[in-house]
Amino acid sequence: MTTLAITDTIQEWFFREEGSTEAVQSLDAFMHFLWWHSVFWFVLLMGLTAYFVIKYRRRPGNMYAVPSPSHNTWLETFWTVVPSLTLIVIFLFGFWGYIDKMVSRSDALELNIKGAKWSWALTYPDGSGSTTLERIDEGGVEFPVYYVPENTNITLRMSSTDVIHSFWIPDMRVKMDVMPNRYTGYSFTTPPVPDDADKKDMWVFCAEYCGDNHAEMASIMRVVSLEKYEEWNRDKLKGMNPIKLGEIIFKTKCVTCHRVDATENSTAPSWKGGAQFLGQTFGYGFPVQFNNGTSLEARDANYIRESILNPQAKVVAGYAGNMPSFDGQLADVELEALIAYYQSLSEHGPKMDDGAVDTEEPAGESPADAATQDSPTDDTAGQP
Amino acid sequence: MTTIDTNTPGADHAHHDEGSYLKPKYGALGTVIQWATTIDHKKIGVMYLFAVMFMFFLGGMAALAVRAELLEPTRTMTTELADGTIQTTITGQIPLWSDPDNAAVGSNNYNRLFTLHGAIMVFMFIVPSVPASLGNFFLPIMLGAKDVAFPRLNLLSWYIYVFGSIFGILSIVLGGVDTGWTFYTPYSTTTDPDHWRVVLMVLAAFVLGFSSILTGLNFIVTVHKLRAPGMGWFDMPLFIWAVYATSIIQVLATPVIGITLLLLIFERLFHVGIFDPALGGDPVLYQHFFWFYSHPVVYVMILPAMGIISELLAVHSRKHIFGYRAIAFSSLGIAGVSFLVWGHHIFTAMGELVSTLFSALTFLVAIPTAIKVFNWISTLYKGSIILNTPMIYALMFLFTFSIGGLTGLPLGALATDLHLHDSYFVVAHFHYVMMGGTVIAMIGGIHHWWPKMFGKMYSEKGALTGAAFVFLGFNVTFFTQFFLGMQGMPRRYASYVDEFQTLHIVSTVGSWLLLVGFLIHLLVFVHSLLAGKKAPPNPWGGLTFEWETESPPIEHNFHHEPLCQHGPYDFDKVVPPHCDAKDYPLPPQAGADDAPRTIA
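Protein chains in written order, with the numbering used here: chain A, 1 to 384; chain B, 1 to 600.
Treat each hint with caution, since some may be false.
Derived SDA-like pairs (lysine to any residue); straight-line CA-CA distance at most 25 Å [what the hints assert, rightly or not]:
#1 B:Lys382 x A:Thr80
#2 B:Lys456 x A:Arg58
#3 B:Lys382 x A:Lys200
#4 A:Lys199 x B:Glu499
#5 B:Lys582 x A:Ile54
#6 A:Lys55 x B:Lys382
#7 B:Lys461 x A:Arg58
#8 A:Lys55 x B:Lys573
#9 A:Lys55 x B:Glu460
#10 B:Lys461 x A:Val53
#11 B:Lys582 x A:Pro67
#12 A:Lys200 x B:Glu499
#13 B:Lys573 x A:Ser68
#14 A:Lys55 x B:Leu398
#15 B:Lys382 x A:Tyr64
#16 A:Lys199 x B:Val497
#17 B:Lys382 x A:Ser68
#18 A:Lys200 x B:Val497
#19 B:Lys382 x A:Tyr56
#20 A:Lys200 x B:Gln501
#21 A:Lys200 x B:Tyr381
#22 B:Lys461 x B:Ile386
#23 B:Lys533 x A:Arg58
#24 A:Lys55 x B:Phe399
#25 A:Lys199 x B:Asp498
#26 A:Lys55 x B:Val373
#27 B:Lys382 x A:Pro67
#28 A:Lys55 x B:Tyr381
#29 B:Lys382 x A:Lys199
#30 A:Lys200 x B:Leu262
#31 B:Lys533 x A:Lys200
Calculated from the structure, these hints are not laboratory results.
These numbers come from a predicted model, not from an experiment.
Using the sequences and the accompanying hints, generate a full structural model.
Structure, rendered in structure tokens:
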């Protein structure tokens, strides 16, 4: 009874809550074992130290050390061999747990992870990505939400478009670095949704330092029931306002380089219609100069499509052309949504009659900001 | 049976007038020049001591700012005031150094500060800390030598250290670097388009490496060549063994980091593709190169500290160290195995087979370390233990270093490392070993040798008060971070999700307690220099050579060449030099058939 209570307390201090899958529970049990192992040695050593310090403190009757052996082969062998044996046990436990995370299951759902400064883009097998952004902490930034089904084996195939990142799901007790020049990955089984809830949210953090907004490179992995996941998967792109969907995709994939306001940005062209800097005018319907000397009278949908799928084809003069291709990472409907969002940021865009773009926004606030404030309450668009 | 008269001050009349090495000779300007051009290892040691302590102060200030920033997560809060205007506040910023309208400035500053903290503490403080200051001062004296083998080289290495540090500080003053002290590629080769600041900081680490190599080389030759007559390898104090093992690592490993950093500079400046995949390089190769140096170098940081602990525990419990040879050989063992475990920093970036091999090798290095701890505790058995400041620090070391060592186990085990890697757990573990190990031992060592170095006693009460604050503050600051890490807090985060705030607050309050502790120590030392009682030659009853000469030592250390006639820890056989047998009685059996040998 009491030992159970102690174990629960330790579990809470260590990991906040009970491990949610079998694999996590066995890792937690290993951590508990290491804890008790450490407590044993620490109490033994510090207990002896305290005992010696008190018993042999310098005082009138104890002005000199009573001679005692300064060397004892048996004792020294003993305290070399015993810790060595326990270390072998710890190594083996660590090895088994590790292999369990590394071996990918054949029936697993494979998710593609792209790390880029400073966001995670998760792509489902059908090429689609997140359709939801959520703000969890008051005043904090919004993070993309990725739906996954419960009790399902998942294998991650991860790569980076710039520097090294690291994909850590603390609730699954596992992370692996995300590299620019190779695939890495790991496997895990998603936990069941708790009985008293309809979802279980798990944080995903970037654990390898990657620059300015490293601390904001997070996502939410939302575990839902299989039925819900399938429903979401089927309907996620249906009926969503394309401009809204485009904005979400922009915020999960494009925002690391592009901006939707008129402030000068030498990393990537602005999406804001009529923005002017570096000798260029930006935005849909505005003319553009390319670095090979050619130009275009007005940016149109075909140009945007080409720039997303094959960015090196035409590079805007004054830019390095660092953009990676998003070919294969966007479903058709997502590509169209991005173009719709791009158009909505310019006065040359098609006229809207559904009021999705608020043209009477207060001064100083960009359409993006206005949309941002809507989204937390409106994030279930496209969901049942 | 025999009373051997060796080092009585003034016994050798030829050097009768020789004064303290601290005595100024040629007026104010002359004294400055005298120090700046000195080849006396003691003066160089003292200059190093002040230099590394200044760096510790700078790095510490950065740490306090980092902790203050983490008191709150960075949030943009809007509140509507009574008159209807909307007020925006950004929380979780560095005090006195933030932009109230722009959260990005705050996190950029944070990233520069934690890099500053790491780079200063590692390259400019902790690597040279003990060997270059206490090592420089005491290694020759404990060997019975007049100086190190190459005194001019010694001065050169100090100047190289100063120039390297100036490069580092320059890169910070001119805008700072945000790569972390590890300079991982391709981030470090692509960040900051006007790349010269990163180059300057990397160059600083490169230059500092030379100082480290030259000091190591100097010590190795000194230990081989300048031991006093009669001093065999196993008559050397264990501090010397530790510094010797350290020097071997410095000489063998530092060139590797030198080459690596040079390659990094080449890649930045000339776009030679070595580490950056965009140029055809491999970023993990950089990590292998980097840790091939930087893992052994953590033993450069900790081994001399272990040497200090061996001295403190033996002298202040008047007890022969337990398992002398085991401690000596474990120093060399650690030095050797330290070259084979670098891969445990890269478990999350390597293949399964390599990770498994490195995990197994990592556990090997735990064994010699455990042996040392067992030996130290056994040394206390049947001792005559006095709880003065150096001893308190030695005991504090056993406490914090044991926690540091034991928390290394979940990091060496593969399954748990995949969770804990790059989290606050690693931060806590690292600080328990480096600060709870090296810094704590160094403060203990400074208190132990302070009377010898400066000829003044310090206030025991003041120092113990400082020690209490340091102990409390240290544990409050860093023990919480183990839990933060296990619960999912990644390291190097300028902000965090709300659920981590409570533990962050506790940790930050701990950092303030630490500050109070260090300020008390500083006051105690300043008071000692200005108004301290004159120190006797041997205040603790030590048996190693430094206690035979005066406090502070004369310019050539000894009036004439000392002779090694007893082991460094023969407290049961010899009355310590300059000590009264009344205060330092010998155990009865020693006198039964052999009269106690005294050194008059």
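Now the hints, each set against the structure:
Taken as a hint, the lysine 382 of chain B and threonine 80 of chain A pair is honoured in the structure, with Cα atoms around 23 Å apart against an allowance of 25 Å. Among the hinted pairs, lysine 456 of chain B with arginine 58 of chain A is consistent with the structure: their alpha-carbon atoms are about 24 Å apart, no more than 25 Å. Distance check on the hinted pair: lysine 382 of chain B and lysine 200 of chain A sit about 58 Å apart at the alpha-carbon level, beyond 25 Å; violated. Between the alpha carbons of lysine 199 of chain A and glutamate 499 of chain B the distance comes to roughly 19 Å, so the proposed pair stays at or under 25 Å and holds.
As the CA atoms of lysine 582 of chain B and isoleucine 54 of chain A are separated by approximately 23 Å, the hinted pair is consistent with the 25 Å bound. For a cut-off of 25 Å, the pair hint linking lysine 55 of chain A to lysine 382 of chain B stands: about 8 Å separates their Cα positions. The hinted pair formed by lysine 461 of chain B and arginine 58 of chain A meets the criterion: a straight-line CA distance of about 18 Å does not exceed 25 Å. At roughly 23 Å between alpha-carbon atoms, lysine 55 of chain A and lysine 573 of chain B fall within 25 Å of each other, so this suggested pair holds.
This hinted pair checks out: lysine 55 of chain A and glutamate 460 of chain B have alpha carbons roughly 22 Å apart, not beyond 25 Å. Taking the CA atoms of lysine 461 of chain B and valine 53 of chain A, the gap is about 19 Å. The hint holds against a cut of 25 Å. For the proposed pair lysine 582 of chain B and proline 67 of chain A, the alpha carbon gap of about 18 Å is at most 25 Å, so the pair holds. Our distance criterion of 25 Å between C-alpha atoms is met by lysine 200 of chain A and glutamate 499 of chain B, whose separation comes to about 16 Å.
As the CA atoms of lysine 573 of chain B and serine 68 of chain A are separated by approximately 13 Å, the hinted pair is consistent with the 25 Å bound. For the suggested pair lysine 55 of chain A and leucine 398 of chain B, the alpha carbons sit about 18 Å apart, so the restraint of at most 25 Å is met. This hinted pair checks out: lysine 382 of chain B and tyrosine 64 of chain A have alpha carbons roughly 9 Å apart, not beyond 25 Å. Taking the CA atoms of lysine 199 of chain A and valine 497 of chain B, the gap is about 19 Å. The hint holds against a cut of 25 Å.
For the suggested pair lysine 382 of chain B and serine 68 of chain A, the alpha carbons sit about 7 Å apart, so the restraint of at most 25 Å is met. Our distance criterion of 25 Å between C-alpha atoms is met by lysine 200 of chain A and valine 497 of chain B, whose separation comes to about 17 Å. For the suggested pair lysine 382 of chain B and tyrosine 56 of chain A, the alpha carbons sit about 6 Å apart, so the restraint of at most 25 Å is met. A distance of roughly 22 Å separates the Cα atoms of lysine 200 of chain A and glutamine 501 of chain B; the hinted pair therefore holds under the 25 Å criterion.
Between lysine 200 of chain A and tyrosine 381 of chain B the CA atoms are separated by roughly 55 Å; this puts the pair beyond 25 Å, and the hint is violated. Using a Cα cut-off of 25 Å, the hinted pair lysine 461 of chain B and isoleucine 386 of chain B holds, with the two alpha carbons roughly 14 Å apart. For the given pair, lysine 533 of chain B sits about 23 Å from arginine 58 of chain A by alpha-carbon distance, which is consistent with the 25 Å threshold. The straight-line distance between the Cα atoms of lysine 55 of chain A and phenylalanine 399 of chain B is roughly 18 Å, inside the 25 Å bound, and the hint therefore holds.
Taking the CA atoms of lysine 199 of chain A and aspartate 498 of chain B, the gap is about 20 Å. The hint holds against a cut of 25 Å. Using a Cα cut-off of 25 Å, the hinted pair lysine 55 of chain A and valine 373 of chain B holds, with the two alpha carbons roughly 20 Å apart. At most 25 Å may separate the alpha-carbon atoms for a hinted pair to count; lysine 382 of chain B and proline 67 of chain A meet this at roughly 8 Å. Distance hint between lysine 55 of chain A and tyrosine 381 of chain B is fulfilled; the C-alpha atoms sit about 9 Å from each other, no more than 25 Å.
For a cut-off of 25 Å, the pair hint linking lysine 382 of chain B to lysine 199 of chain A is broken: about 62 Å separates their Cα positions. In summary, the hint linking lysine 200 of chain A to leucine 262 of chain B is not supported, as the alpha carbons are separated by about 48 Å, beyond the 25 Å threshold. A C-alpha spacing of about 67 Å is found between lysine 533 of chain B and lysine 200 of chain A, which places the hinted pair above 25 Å, so the restraint is violated.
Violation of the numbered hints given earlier is confined to hints 3, 21, 29, 30 and 31; the remaining hints are satisfied by the structure.
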